[in-house]
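Trainee: Each chain is listed here by its residues.
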Amino acid sequence: MLNAFAILLGFQLVGESLHRIFSLWVPGPVIGMFLLASFLLRKPSALSEPLVSTTHALLQCLGLLFVPAGVGVIGNLNLIAREWIPILVALVGSTFLSLFVTAYVMHRICSPSRVAVAAPILSDGKEVQGSQS
Amino acid sequence: MNTSALHDLWVQLTPTPLFGLTLTILSYLSGHAIQRACRGAALANPVLISILLIGGILGITGTPYRTYFAGAQMIHFLLGPATVALAVPLVRNLGHLRRSLPGVALALTAGSLVSAIGGIALVEICGGSRAAALSMAPKAVTTPVAIEVTQTVGGIPSLAAVLAIAGGVLVAISIQSLLRWAKITDWRAFGLAAGTAGSGIGAAHAISFDEIAGAFAALAIGLNSLLTALIVPTLVHFWPHFP
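Order-wise, the sequence lines are chains A and B.
Everything in the first sequence is counted per the numbering used here, starting at 1173 for the first residue and increasing by one.
Everything in the second sequence is counted per the numbering used here, starting at 120 for the first residue and increasing by one.
One thing to keep in mind: the hints can contain errors.
[Said to hold, decoys possible] Negatives, chain A to chain B, calculated, CB over 10 Å:
#1 N1175
#2 L1190
#3 R1192
#4 S1217
#5 A1253
#6 F1268
[Claimed, not checked] Coverage of chain B stretches by chain A, computed from C-beta distances (three or more under 8 Å per stretch; other residues unrestricted):
#7 165 to 177
#8 186 to 193
#9 196 to 203
#10 211 to 220
[Unchecked claim] Which residues of chain A face chain B? A partial, calculated answer using Cβ under 8 Å:
#11 M1173
#12 L1174
#13 I1193
#14 V1243
#15 I1246
#16 N1248
#17 N1250
#18 V1261
#19 A1262
#20 S1266
#21 F1272
#22 A1275
#23 V1277
What the hints contain is simulated information worked out from the structure, not anything from laboratory work.
Nothing here was measured: the structure is a model prediction, and the numbers come from that model.
Here a beta-carbon is modelled for each residue, glycine too, at the ideal position from N, C-alpha and C.
Model the full assembly from the supplied sequences, consistent with the hints where possible.
Mentor: Structure follows, in structure tokens:
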């Protein structure tokens, strides 16, 4: 587990350095993600069990990691109170539009038959969620 | 122990990391417990519940956000390694990704464009300010990218972060109903849409269902941050009302 964490931090560090050296707009961790992915493709043996289980554990509580930044909403309450109608309409409208357009285009271009597992689980999502948590 | 001693203890403990960390993790666990109590209702989103809980507690006790964040930033920091960790589901499902690459490219571009244009246009149509519109534009990407892009175009970074998170929570709440309504039952479309529209929180939601969905969400987050960082500044440059 410690090895796995060292790998994640190491790739983040490299990504962060590249981000700063070349003043790239892509954040360090995203560069680190692409670097780790290409490294694992070149050296599949590095995809060890501890790395898989550590990343799985980390990604299982990904939601928690957004909470501290989200609480920052209390610093913007004045602006939100003043402009709550445009903010709410744009937030809901553009999120739904983007969600729908992405899923629809993907659905139309790729034939669904290739991933046969999809239908039954999606229509009964709550049960699946319960059994995995 | 009398009240003033309790107050002293509170004053001593709140600036320590222990306060922010404990408050965040306990609120998140409560959020999960509440969602379970609501039989997994999507509206009872744990991220949303814990933000409301912590915001309420800070407000009632008069604790500044900076004091809370001094401790909570340890959790915030883990966003970095967690983003790098998305490489693992990406690599493990590369076969699926390779086969649907044209679809991914087109769907992602369409979703990313719609999100940025829709965000700016809707704020404008409803009479919102320029700052709000510019902070809305990059909200579909992961929080750090949203902050960075907003700084480039002149929005409010902390508002952009909040909107990115709110968008993610909204995706987690609505994606199942919306896709069921549209009769889209493909995990790849589910994951890609969750990652494109809802970034990290959307991906967290997708991963809790299916690994293929998680891999497509990870891919969407990565490519969308590249794309949005290109699209939003260009869009703002050519947008008629924003000279």
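Trainee: It remains to establish, for every hint, whether it holds in the given structure.
Mentor: Results of checking the hints against the structure:
no. : hint       : in the structure
1   : N1175      : holds, 13 Å
2   : L1190      : holds, 13 Å
3   : R1192      : holds, 12 Å
4   : S1217      : holds, 12 Å
5   : A1253      : holds, 12 Å
6   : F1268      : violated, 7 Å
7   : 165 to 177 : holds (count 7)
8   : 186 to 193 : holds (count 4)
9   : 196 to 203 : holds (count 7)
10  : 211 to 220 : holds (count 5)
11  : M1173      : violated, 12 Å
12  : L1174      : violated, 13 Å
13  : I1193      : violated, 16 Å
14  : V1243      : holds, 5 Å
15  : I1246      : holds, 5 Å
16  : N1248      : holds, 5 Å
17  : N1250      : violated, 11 Å
18  : V1261      : holds, 5 Å
19  : A1262      : holds, 4 Å
20  : S1266      : holds, 4 Å
21  : F1272      : holds, 6 Å
22  : A1275      : holds, 4 Å
23  : V1277      : holds, 4 Å
When each numbered hint is compared with the structure, violations occur for hints 6, 11, 12, 13 and 17.
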